[in-house]
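Q: Protein chains in written order, with numbering that gives the first Met the number 0: chain Y, 0 to 394; chain W, 0 to 193.
Careful, some of the hints might be misleading.
Claimed, not checked - Here are the simulated lysine to any residue pairs, SDA-like style, with alpha carbons at most 25 Å apart:
| # | chain 1 | residue 1 | chain 2 | residue 2 |
| --- | --- | --- | --- | --- |
| 1 | Y | 223 | Y | 43 |
| 2 | Y | 284 | W | 94 |
| 3 | Y | 266 | W | 42 |
| 4 | Y | 245 | W | 123 |
| 5 | Y | 245 | W | 29 |
| 6 | Y | 245 | W | 14 |
| 7 | Y | 30 | Y | 209 |
| 8 | Y | 30 | Y | 367 |
| 9 | Y | 245 | W | 38 |
| 10 | Y | 266 | W | 22 |
| 11 | Y | 266 | W | 57 |
| 12 | Y | 42 | Y | 245 |
| 13 | Y | 245 | W | 77 |
| 14 | Y | 245 | W | 179 |
| 15 | Y | 266 | W | 160 |
| 16 | Y | 245 | W | 10 |
| 17 | Y | 31 | Y | 266 |
| 18 | Y | 245 | W | 166 |
| 19 | Y | 266 | W | 58 |
| 20 | Y | 30 | Y | 85 |
| 21 | Y | 266 | W | 125 |
| 22 | Y | 245 | Y | 223 |
| 23 | Y | 387 | Y | 270 |
| 24 | Y | 266 | W | 13 |
Claimed, not checked - If the Cβ cut is set under 8 Å, some of the chain Y residues that face chain W in the computed set are:
| # | residue |
| --- | --- |
| 25 | 131 |
| 26 | 132 |
| 27 | 136 |
| 28 | 242 |
| 29 | 243 |
Rather than coming from a laboratory, the hints here were simulated on the basis of the structure.
Note that the Cβ used here is the ideal one computed from N, Cα and C, for glycine as well.
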Amino acid sequence: MWRPHRLHSNYDVVIIGAGAHGLAAAYYLGKKHGIRNVALLEKSYLGAGASGRNTAILRSNYRTPEGIPFYDASLQLYRQMSQELEWNVLFSRCGHLSLGHSDSSVTGLRVRAENNQLLGVNSRMIYPEEIGRLVPGINLSRDTRYPILAALYHPPGGIIRHDAVVWGYARACDRMGIEIHPFTEVTGIEVANGKATNVITNRGRIGAGTILNSTAGWATTISKMAGVPLPIVTHPLQACVSEPLKPFLDCVIVSATLHVYLSQTDKGELVMGAEIDPYQSYSMKSTLPTLEQIAIYTLELFPQLHGVRVLRQWAGICDMTPDFAPIMGRAQEVSNFYMDVGWGTYGFKASPIAGKCMAELIATGKPPSLIEPFTPARFHTGQLLGEKGAAAVSH
Amino acid sequence: MITKRSALYHHHRTVGAWFVEHHGWELPGRFAAPEAEAAQVLGGVGLADLSYRAKFETQSEPVQSWWRLGAGRYLVIGEPHSEPLAEARGSAGFVDVTSVYANLLLAGPRSKHVLGKLSSLNTSGESLPNLSCAQASVAHVHAIVLREDLMEVPAFHLLVTRDYAESVWEALAQAGEEFALRPFGLEALRLLRG
C-alpha cells in the first residue's frame, strides 16, 4: 500500500498529521500541482487519530453561505473518490435525517432547508408521516419527552468507510512518490526571522520549505511549536458500536436535542455518537456516563433496541473554535506555516475539499475563494462565522 | 423486530446458508439437506453456529446447570429464557456475555481428531468426559471448551471471543477437510437432539 522510507534531510513540503486531511492535501499537491517532494509525518499508525475515530457521516446540509458550498464541494469529491483513487471507499448515499423536537429546532432546520435549496443542495423539511415511511422503526409517539415534530431530509448524505478513505489516499500518494512516515512524531519546529526552517522529529531533524499543520487534537500543540497561537480548545468526543443486527435502518439519524446520531453499517453494526464531552481534555478514554447517555437517547428514538449489546466504545479528540468553523490558511506570524485545523466534530466530511484547497493555497500562495472565509485572520478582524447551529449536536 | 446477527453471518452467507430466525438471532437453518447434515455428524464430523445460546457469567455458585471456569467464576449457558439462566440472572457478579462469545459446536465421532489438530487439549474420555469443561488455545485463540455429547457422539461447544470467530471457524473447517467436515444448521441439530 505504501512503502517505508528513510527520513531525508529536506523536503519542499512537510505535512504534520497523515490523516485524511493531510493525505488529501499531499494527494492534490502531487496530482494537481506537481509538488511531490513531500513528507507526511504521522506520530502513530495511519488513521489513528480523528480519521479513524469519527462516525463516518457525510453531508452538506449546513447553515451558512460560507459552509454550504464548501461542504457540498467536499461531498462531490467524495462521490467521485472511488473512481478518482481507483479504490472502493464504500460510500453509501443512504440519506440523512436531522430531527426536530421543538418549535425552535424545527425553525432552525427550516432555515437550513431554505439556505440549502437556494445554494443548490438537496434538502427539504419532512413531517412524521414521511419520516415513518423512511424510517419504519423510529418512535413517532407524541407521548415522549421530545416528540419528533419534523426533520430536515438530506438525500445526498450518507456514510462511508473512513479507513478506506485514508488507505486510498495513502496508496495514491505513495504511487506519486510522496513519502509517508508513520510513527514519526514532531517534537519541535525551528523558526528564524518569521520563517519556519526545520522540523524536529523523534527520527531526526528535517528541513522544510513549507509546513502544513493538519493535525486534529494536537493542532494547538503543533502550532505553538512554531509560535502560532490558536483560539482552540480541545474536547473528547465519544462514540460506540453495537453488535451486528439485521438491517433495519437505512439512513443517518441525527438529533441535536437528544445529542445523539446513529447509522447502521453495511455489516449491520449500529454506530452511535454523542456530543463532545463537557470538559476539556486530551484523553482518548471512553467513559460510562457518556455510554449511558448514548444508550438512553438512542432508546428514546428506537425503544426496540433494548437488549442490544455494545461491542466497542472509543473517544476521539476535537479542536473546537469559537465559531464552530475550521481554520484554513497561512499563519500571520510565520510566513511558510499553513494550517488546516480546528475541525471540531466535522472534519472528516470535509477532508477531500480541505486538502484540495490547501494544496492550491500552498502551491499558488493564493487561497481559493471556497476557503477564504475560514482564514485564521478572522479572529483578529472579528469576522466570525455562524455555523454553530448546524455544525454538530454540541450546542 | 430487531434481529441479531452472529459474528459468522457473512461467512455463512458466502457459502450459501439458508437462514432462520431463532430466539431473535438470524442463524443458518441449513447449509444442505438437514437429514444429510445430521448423518454427517453421526458418521464423521460437523460444525455449527449456536451463537444464539444465552451465556451468563457469575461469581456466586449457580443453583443448577453450571460450568466452573475458575475460582469463583461460573458459566451458565443454554437456551435463552430457560430455567437455569433465569435463576442465574441478577446473581452476584452476574454478567450477560451472550454477545461476547461466538458459540461453535463441533460434533461427531471425528470431532476429537479435528480438535486435536488445532489444540494441545487432551480430549480423551478420561481427561475431558461428557459434561466437563476446559479452557485451551484452539487455532491460537483462547477458547472455553464444553463437552456435551449429542446422541452418544462426542460434541464440543467452543466459545471464542466474537472477533476471532471467523478465523477459528475457518481453521476448524480446514483441519476437518480430511474427515469430510461439513457445516450443519439448526434443523439438523433438532434432528440430532431428537
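Q: Which of the listed hints are not met by the structure?
A: 3, 4, 9, 11, 12, 14, 17, 19, 21, 22, 25 and 26
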